[in-house]
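Asker: Sequence:
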Amino acid sequence: MGLEEIGFKVMGMVTDNNSINRAAASNFANPPKLQVKYDHPADKSHPLFYVIDSVHILKCVRNNWLNNHKNVYYFYYPDFDTLNVSTASLSSVRKLYDLECSSLLKFGYGLTRKALWPTNLERQNVKLALKLFSTDVVHALNELGEKYNLECYEQTAKFINIISTWWDIVNVKTPDKGRFKRNPMCEPLTSSPSDKGLMFLKQLVSWVNKW
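Residue numbers (full-length UniProt numbering): 1 to 211.
What the hints contain is simulated information worked out from the structure, not anything from laboratory work.
Just so we're clear, the structure is a prediction, and the values are computed from it rather than from any experiment.
Built from N, CA and C at the ideal position, the CB exists for glycine as well.
All clues given are correct.
Cut-off 30 Å, straight-line C-alpha distance, at most; resulting in silico cross-link-like pairs (DSSO-like, lysine-lysine):
hint : residue 1 : residue 2
1    : LYS210    : LYS131
2    : LYS70     : LYS131
3    : LYS9      : LYS177
4    : LYS158    : LYS202
5    : LYS210    : LYS33
6    : LYS158    : LYS70
7    : LYS177    : LYS106
8    : LYS196    : LYS173
9    : LYS37     : LYS9
10   : LYS177    : LYS131
11   : LYS95     : LYS147
12   : LYS95     : LYS59
13   : LYS9      : LYS202
14   : LYS95     : LYS114
15   : LYS177    : LYS127
16   : LYS131    : LYS173
17   : LYS147    : LYS70
18   : LYS173    : LYS202
19   : LYS106    : LYS147
20   : LYS59     : LYS173
21   : LYS177    : LYS114
22   : LYS59     : LYS70
23   : LYS127    : LYS95
24   : LYS44     : LYS33
25   : LYS196    : LYS210
26   : LYS181    : LYS106
Label-pair distances were calculated between CB atoms; the ranges are:
hint : residue 1 : residue 2 : range
27   : GLU4      : ASN142    : 48 to 58 Å
28   : ARG182    : ASP98     : 27 to 37 Å
29   : GLY2      : MET199    : 35 to 45 Å
30   : TYR148    : PHE8      : 53 to 63 Å
31   : LEU201    : GLU154    : 20 to 30 Å
32   : ILE6      : SER103    : 54 to 64 Å
Could you build all of it, start to finish, from the sequences and the hints given here?
Answerer: What follows is the structure, given as structure tokens:
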């Protein structure tokens, strides 16, 4: 309310998924209820959105994959285009690392043991999660997957690419990042219907809903 009173327009609130933060957000409804959109306390005609921060989401995806040992580290997800069931294999990424760890030149040069076998404390480090969800890993899987018979390597590469692309879009802090990185997905989002980042995010919503 104080921000609104001094001229700011508050569109939403961003937190991690901590239970205390979820409980606090739920108090914007009466009776308390956790949801993604509330009536704005300063103006009931406008919505107030509740958003889980992107860093927390990225680490949660990685942690769920790491914790999926009962399914031999398989992650079942819908294909981004067809929505058919696909399989991402963390074991294949670990095998890729084992194949290249002693080489001077590597396709997946960003992969490290800490990124693939993190301790509980290291799981809090987003940089380690980004070493897994990297385009370098995508290229490495596509280059070496068939040669070394890496299980589900194509589907694993596609899954990592989906998460990596999403991160490129949501992790833009400067207007020139896309040009500097030579990556159109790192351009700031616009309201244009042809904006590549916006088109991807709209498709991502359907993908998440299917999953």
